[in-house]
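Protein chains in written order, with our numbering: chain A, 1 to 548; chain B, 549 to 895; chain C, 896 to 1075.
Calculated directly from the structure, the hints in this document are not laboratory data.
All values reported here derive from a predicted model rather than from experimental measurement.
Cβ coordinates follow ideal geometry from the N, Cα and C atoms, glycine included.
Partial selection, computed: residues in chain A whose CB lies under 10 Å from chain C:
no. : residue
1   : Pro532
2   : Leu533
3   : Trp535
4   : Leu536
A few chain C positions that, by computed beta-carbon distances, are all more than 10 Å from chain B:
no. : residue
5   : Ile897
6   : Asp916
7   : Gly917
8   : Pro942
9   : Thr954
10  : Thr975
11  : Arg977
12  : Ile979
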Amino acid sequence: MPSAAVLAPVALPLVAAGVIAVFRLAGMRLGRVAAAIGAWGAVAALLAVWIPVRSSLELTLGALGYGSSFDLRIDAVTFAFGLMIATPTAVLLTLQPRTWQEMSISLVGLASAIAAIEGGSVVLTALAGATAGTVAIVLLETEDPRAPRPSWATVLAGWLALSWVGVMLQVGGGTAVYSAVPVATVTAPLFAVLAVAALLASNLFPWRTWPADLWSRPSLRAAGITVAILYPLGFYLLVRAYELGDGRYPNPLFHAGLAILGVTAAFGAAARAQAAATRRKFLGEVIPFFGGFALASIAIGTALGLVAGLVLLATAAAMVACLALLPDRAGLAAMVSIAAAVGLPPGLAFGARVIGIEATFEAGDLLGLIGVAAAAAWALLMVGGARAIGLPGGRGHPATETFAGVSMAIAVLTLLAGPAIAAVQTGFANPVATEVMSTSALGGGLTTVDTVSSVLPAVTLFAPLLILGVLVYAVAGTSAIRTQSRAALFKLPEGGIWQRARETVRALTVPEQYRSILNIRELEIAAVGGQPLLWLAALAALAFAVTR
Amino acid sequence: MLPEAAELLVLAAAALLFALVFAPAAASRRNLLVQGGTGMVATAAIAVVPTFDLALLTIVGLGVMQAGIPGKRTLAVRLRAPVLAVAVLAFALVFLRVEGPAVLERFAAVGLVAGLAAAVGLFPYIHPFAADEPVAASPIVWIAFVGPVLAAVVLSRAEGLLSVDAGQALAAMLIGLGVINMAWGSIASWLTDDTAAAWRYSFLADWGLVLCGFGLTLSDGRRAALLVLFGIVVGRLPLYLVSREPRAERVTSEGPINLVVAAALAGSAPFVGFAARVLLLRGATQLFWPLALVLALGMLLWLPGSLRLGRSLGRPRGRQAFGVALAVAVNVAAGFYPLPLLAAAKL
Amino acid sequence: MIEGVAGFVAWLGASVVVLSDGRRGLALGAALSTLALAAIVLSGAGPVAGIALGVGGLTAAARRLTVGVAGWGIMPPGSTPRFILCVGGGLLALWIALGVTSGHSSALRFAVITVAGLAGARVLSSGESSVLLTSVALLALATAAASGLTEEALAIWPYVGAAAIAASVGWLPQSAPRAA
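Just chain A, with the same shape it has in the complex (with noise of 0.2 Å):
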């Protein structure tokens, strides 16, 4: 295989982008088709490119100068979460109507994106990393501006923050590509910076942040793309940190604080989707729940707790389809959805979270109880799923945009996917884990999943499972499930703390006999007046500053 073949996946998008701007500015519209070969394209040449060999390609074409080289690169970790952005972007551009400048931005995001898991150092994932963040900031201020999206700061700061691990790295280690970083290098400190930039790359905090209030907009075209492309780019960070460090974080103290925050997170997105009032405001916390799952299974440091995450996020990947296309009315596509978000057994969301549950137990010391707090999120969204099936759906979205048996199909094959979990787990989440933990690959193959002190049989015992609730469902149909609308369990204070210190700050003015010193606007004219003993003033403290 060329080595240039790396540059497929990243090339695609960009030249279909290119084709559809330079057609529609001809006057000629391509419609969805292009947008459609672009994304499947990229999706193609990444299961062309790893599939045959299923060893890393890399091509490398010169310094860009600023310390890094062109370097790309496609190994498991690229693989599997290149699959994660392009398949799920892939689908809502096919399916979704877009105007031709969303479309066009949309494949330069999915490009950037890709460009991120593919940048063989850690400068080039932090420049098309924020060029991913700035195009979806941009994608979605293009279809509605009053409409919730991230904050650009927030995203900046990610990307600016990781730029810096990439300098330091190349300041204390020589360089900054993945695989060549001596480990010594990757001090606490440094850790500590690199995961501020994962957390704010993907905004995973327990707080009610962009990959929830994205789904709130009245349309989702661009939410579920930016959801798509830019929510997995912070554990893409936190898996290729292993590789980083030879298979474990710098201090145990970060796996386990990760691992906090992650269940955190989780619990907190069961909290308020358990509160919710619509269905789409519960549907708006699945992803955030799936992401902080994720980040507590991968960050326990363990390689069952890696693929455990990996699963979920393939999974999560899969729900973001499934949910920027379900329309907000009731229905089965709804329910299905709903089962298949929860976990509902023997679904692929909840084998892999056993596994990751498992995972924390077997991690040793005091982590089992990470475990523990995350089967209590997961119990508070599994009851906030019951409740929402009898909620009222929501603002609802263009008919155009929303494919119920679409939708429905995706959710139902990520519940038919269960008993595949071992298989799912060998073919695209091991590979990864042997990447990046320099370990060999987990025992049980394509049936069962071997785990350090137990099996789990996923084909025995999930199939059999599925095999029930299919004809349970066959023999009873949706008439056994009451749709009536529940109380939360339990209510989160109104408008929240953060609000509530905002209007605090924003409230604060400064007392009446110190407005004149303070005054900025008279700052700004004295500043700006070409004031001569100003400027005299200005040299004499420079000259005064030298001397000391």
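Assemble the complex: chain A is given as a structure, and chains B and C must be docked to it using the hints.
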């Protein structure tokens, strides 16, 4: 001629060409050609002349000629800053040439920094600004056209003239003023009432990065400074020119192009500002890592002002839309692959 | 001895420019400073440099005699701060030239510091165009004269350039400020 100065000169010529081709309808192209051409010649002279004294005299001449262009500000207001700059730089040269206590070299360093700041129009020597003054008569000429070449010439000559101790004092002052200009420029760009003033402050903020880059005295710092200067001359200045549509037609808008422009102005990836910031962080990390933290936090301040400036472009149409697209495309190319620019300046 | 007197005359000329508002006073001050600087430069950089400087400065002085506020205007009411500036500035320049710094030609050091400093201060404190342009001319001459402080071989170009600037600033069109 210094390779950096030569490259910046070429970029300034490109900016002039842009102004001639894409200038708003209200501007007279003939006047722009004459005034811009004269400015180009003077700027080239600053870079080419063999001695620093001649460079100072060229600044005097340029200041006097620019003060003669009809504008809103009085002659006194327009002459003060260049004259102060030359006087202070002249004093610096005197202190460097005479024999005396070591502190004189530090005073010379003060003169070099203050003179440069006064010539370009940086804090605390911000030139008074009239929003509706023609660009050729406004302080924008100094901060975006002449200033980059002037900075390259002054600071490269300073390297050869100052002792190690005085050089360190110079570097410290450059970084200090740089941080102040970053903060002042970015916050003022966000909060000031007038949009034209906001544009001017945004130049100030970028110059803060330039000063920090030069102050880092490492090759990464110089590279960062060059890239920011590139962004000023080939990105910010052309976009500012496009934004100066006649008042009757000016509307604010938030379409895709406005946001892309905002991203370019904010130094977001993939524009040249981001590459410059990476290099600056690298240089600061090598020198003193808390400085890198301060710079990284300061870089976030660009965002609110840039969003405002992006909106102020309104909906560029026809030739101006093409101009904006060209400026953005060049910025993207340089941001992704700045190596040719750096190689041309032998950095 | 001659250089010492020239240094004093340079200060005197610059002071007259600082203290004058009328064109005659400005022309006198410019002429005095020019002659003094030219004399000092003559002995250091050679006759061509000195003559160039002299021609440029005297041309500026002659132009000033015809354009500007009529009369002498030396020490008008309210000029006490300027007077103090001239005396104080002169003393400070003297201290720097003789007490702090050393090297060849203390007169040149004194003349450059005093003329550049007083001319610069005059530009910062006045709004009248004839005053500003005269001060700019003096500043240019002082800047060129400062090139004589270096120990390297002296080129003629700074002096010629300064002379050209000094001679031409007086012809700058003085348009009133107006909108774009």
